[in-house]
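K.L.:
Listed here are the chains, written in short residue letters.
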Amino acid sequence: MLNWRSIWALVRKDLTIWSRQPTTIAATLLPAIGFLLIILFEASAVGRNPVALVVEDNGPRAQQLAQIITDSDAFVAHPMTAQQATAALRAVDVAAAITIPADFDANVSAHRPAPVQITINNLNLDFTNDLRRSLPAAITRYYGEQPESAIKIRVRETDLRPVDISLPQFELIPTLVLLITVAGVVNSGLALAREFEEQTLKELLLAPVSRVSLIVGKFLTGWVTTLAVAAVATGLGAAFGLLRPEGSSWLFTLGMIALLALASAGLGVTLGVLLRRTQRVVGVSIPLALYLFFLSGGISVPAFLPDWVQTIGRFIPTYYAVHALEMADFYNSTEQIARDFAVVGATALVALGVGVLAIRRRAIA
Amino acid sequence: MSLAYDLRVIRAVAVNDIRGSLVDRTFTILSILTPINFLFLMILFVLSGGQAPTAVVLQDNGPYAREFVAAMERSQSFIIQETTAARAQDLLRQGRIVAIVTVPANFDADVQSGTPIDLPVVVNNLNVDFTNDIRRAVPLSITSFYGEEFPNRVVVKAAETDLQPRDTNYIQYLSVSILVVGLMLGGLLQAGSNAAREHERGTIKELLLSPAARWAIETGKVVGAAVLNLISAAIVLAVVTLVLGVRPLSFSEMVGFSLLLIAMFVAFGTLIGTLARNRRTVIPLSMGTALPLFFMSGAFGPANWGSPVLAAIARASPVYYGIAVFQFAFHGFTTTPSSVVANTLILVGFVIAAILLSAFVLRHASVAH
Chain A
1 MLNWRSIWAL
11 VRKDLTIWSR
21 QPTTIAATLL
31 PAIGFLLIIL
41 FEASAVGRNP
51 VALVVEDNGP
61 RAQQLAQIIT
71 DSDAFVAHPM
81 TAQQATAALR
91 AVDVAAAITI
101 PADFDANVSA
111 HRPAPVQITI
121 NNLNLDFTND
131 LRRSLPAAIT
141 RYYGEQPESA
151 IKIRVRETDL
161 RPVDISLPQF
171 ELIPTLVLLI
181 TVAGVVNSGL
191 ALAREFEEQT
201 LKELLLAPVS
211 RVSLIVGKFL
221 TGWVTTLAVA
231 AVATGLGAAF
241 GLLRPEGSSW
251 LFTLGMIALL
261 ALASAGLGVT
271 LGVLLRRTQR
281 VVGVSIPLAL
291 YLFFLSGGIS
301 VPAFLPDWVQ
311 TIGRFIPTYY
321 AVHALEMADF
331 YNSTEQIARD
341 FAVVGATALV
351 ALGVGVLAIR
361 RRAIA
Chain B
1001 MSLAYDLRVI
1011 RAVAVNDIRG
1021 SLVDRTFTIL
1031 SILTPINFLF
1041 LMILFVLSGG
1051 QAPTAVVLQD
1061 NGPYAREFVA
1071 AMERSQSFII
1081 QETTAARAQD
1091 LLRQGRIVAI
1101 VTVPANFDAD
1111 VQSGTPIDLP
1121 VVVNNLNVDF
1131 TNDIRRAVPL
1141 SITSFYGEEF
1151 PNRVVVKAAE
1161 TDLQPRDTNY
1171 IQYLSVSILV
1181 VGLMLGGLLQ
1191 AGSNAAREHE
1201 RGTIKELLLS
1211 PAARWAIETG
1221 KVVGAAVLNL
1231 ISAAIVLAVV
1241 TLVLGVRPLS
1251 FSEMVGFSLL
1261 LIAMFVAFGT
1271 LIGTLARNRR
1281 TVIPLSMGTA
1291 LPLFFMSGAF
1301 GPANWGSPVL
1311 AAIARASPVY
1321 YGIAVFQFAF
1331 HGFTTTPSSV
1341 VANTLILVGF
1351 VIAAILLSAF
1361 VLRHASVAH
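From first to last, the protein sequence lines stand for chains A and B. For the first sequence, the numbering used here begins at 1 and goes up steadily by one. For the second sequence, the numbering used here begins at 1001 and goes up steadily by one.
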């Protein structure tokens, strides 16, 4: 049934065509590399809002609070005068201006209300709420440092995971999955659509090659090209220190990447057979890959998403790919790895089956 | 050649492109629907909303314990679910919540007597960004609780003044930014495909051999694509204003800026199509550039508040100025150090530069032929 010589000839021909289209390769790589660079650059800024810090009191309590605000990982504090702070707010250089007033120490000593002024450029509730949380957090820390603190409740935090995962590290995994999905679906879909457009598919169908061999050939080409793209992204991730599984976890990481590439290539082949036009393939496959990406959690934590999105996510294979890669990369863990590999592997098999069925129907048509 | 002739060329090229696009119905529908797809996708991204789904286990039901939970609710940081310790552990294991806060037994008595209280907080520290939100929000709730219950003991408080008359929530802010990326995608896809199609079919030779001016051909292509882009723009605008309920403060400014952005993105699309010469490259390239550009151009908040490197790059991007003028038309605030007038002039400059550049590229292409 499978003619490996024919399959090899098909793979070689498609790989040659693919390698002669650098613009298409670049276009496939561009979104994920763009994302990767944004993640790297934004890493230092996420969660830290630029604020103007105006300290009008030289007393020890005011200085202590100012130091806490400066040291806080919630702010990038720029010491300024009141006028400079107003100008910086107006120029959208800072998100807020925090003012510790001149009578701060005196009021605190006398147990009188000692408000710390914060003027927020509340143009976006996400930033605004961060600021609304961060100043009281700094005040709580200030009270915590007092010998006779009025606040008696202390947080006793227990973390579920042994290590905190940085945002760039966390976002790399879904981005890598997005890249592999887009590359697999687009490259494989285009390879088949091209055969339809140039009518070379007729020749292939009339040749003494089984439909299964034909689809397997396209499948393997898509897999190899996707792996090439994935190798670039994985290499970059490892080089920047964002992807760092240890020991056997590398094996699981690479295994899942290979399996996901296979499943994506299979989906692309099926789309190529069904849509038969390059513009249609690209027009459908990129949004489809993006939908899969966002519905399976995107760069967010699935628990933060509404229940219905979480429920849909569990039916999307990339959800399991992300889970397996996170476990292997972040915690060197094999938690539910069998389930994840089974789901992504089954997706590849189903895609292969649907592809064969679809091309058989097309051939009859 | 006379101006009347040039205008006839512009009209003929525009009509030809519109007819050509309507023949390829599947692609035209896809390109019209792509911006709306992006809108839905980005809304999915926003649905997380920044509020942590958290279980609260109340081992004390006294008034102070209740007031503490109320303080957590007021912090706008948690989606609280009161439950038992066992159920909370289950939910955490299933990934349905990201934290468990246990209000211990004797909470009320200890608060009353001033005895130190340990507040157990279990965090699913999967992502340091979300984890830090919880780490800040719990102390915020504690301070807020003391501020309400013991105003004489906790005298240092945050006194907030807002610069804008009202808060703009995340969906209201982001959907306006998404409008810009929608216009961008629609413009690049439609115009890029129209320009590339002439090269694919070889009809560009006929156009170049005609006595028509290159700028008139390019302008005709821009006009043709702009008409088609208007349809997708109208759909996205309708969803944002009618379905999401995000209404512009100034309707005329919104329409004016929409037309300006359509002209600009369509001109850039024509340039890309003329350079790439095949739709196989134009389509992924348009989609591939749209997302990264969108992310770094201040879509989620002013670019100045993020990484300085990205902010510097963003200033060279037309999307940055597009988002700024749209936020102004919808919400009345500026997100860039430059004024709205300056941003508008910069956008006009981008439009002129893109048309001239694509005419130049087309002229260069004729030499190659």
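Calculated from the structure, these hints are not laboratory results. Hints may be right or wrong, so weigh each one.
Unchecked claim - Sample of chain B residues facing chain A (criterion: CB under 10 Å; computed from the structure): (1) Asn1016; (2) Ile1018; (3) Gly1020; (4) Glu1073; (5) Ile1097; (6) Thr1161; (7) Asp1162; (8) Glu1253; (9) Pro1302.
Where is the CB? At the ideal position from N, CA and C, for every residue including glycine.
K.L.:
Can you verify the interface hint for Asn1016/B: is its Cβ closer than 10 Å to any Cβ in chain A?
P.N.:
Not OK, violated: Asn1016/B not within 10 Å of chain A, min 18 Å.
K.L.:
Closer than 10 Å between Cβ atoms is the bar; does Pro1302/B clear it against chain A? Give me holds or violated.
P.N.:
holds (5 Å)
K.L.:
Verify the interface restraint on Asp1162/B: the C-beta must sit less than 10 Å from at least one C-beta of chain A.
P.N.:
The hint holds - Asp1162/B has a Cβ within 10 Å of chain A, the shortest such distance being about 4 Å.
K.L.:
Would the hint on Thr1161/B stand, with a C-beta cut-off of 10 Å toward chain A?
P.N.:
holds (5 Å)
K.L.:
Holds or violated: is there a CB of chain A closer than 10 Å to the CB of Ile1018/B?
P.N.:
With Cβ-Cβ at 17 Å, over 10 Å, it is violated.
K.L.:
Tell me if Gly1020/B is really an interface residue toward chain A, meaning its C-beta lies closer than 10 Å to one of theirs.
P.N.:
Result: violated, 13 Å to nearest chain A Cβ.
K.L.:
With 10 Å as the cut and Cβ atoms as the points, is Ile1097/B at the interface with chain A?
P.N.:
This interface hint holds because 6 Å falls under the 10 Å limit.
K.L.:
Going by Cβ atoms only, is Glu1073/B closer than 10 Å to chain A?
P.N.:
violated (14 Å)
K.L.:
Would the stated hint for Glu1253/B survive a check requiring a Cβ distance to chain A of less than 10 Å?
P.N.:
Nearest chain A Cβ about 17 Å off; hint violated.
In this structure, the earlier hints numbered 1, 2, 3, 4, 8 are contradicted, and the remaining ones agree with it.
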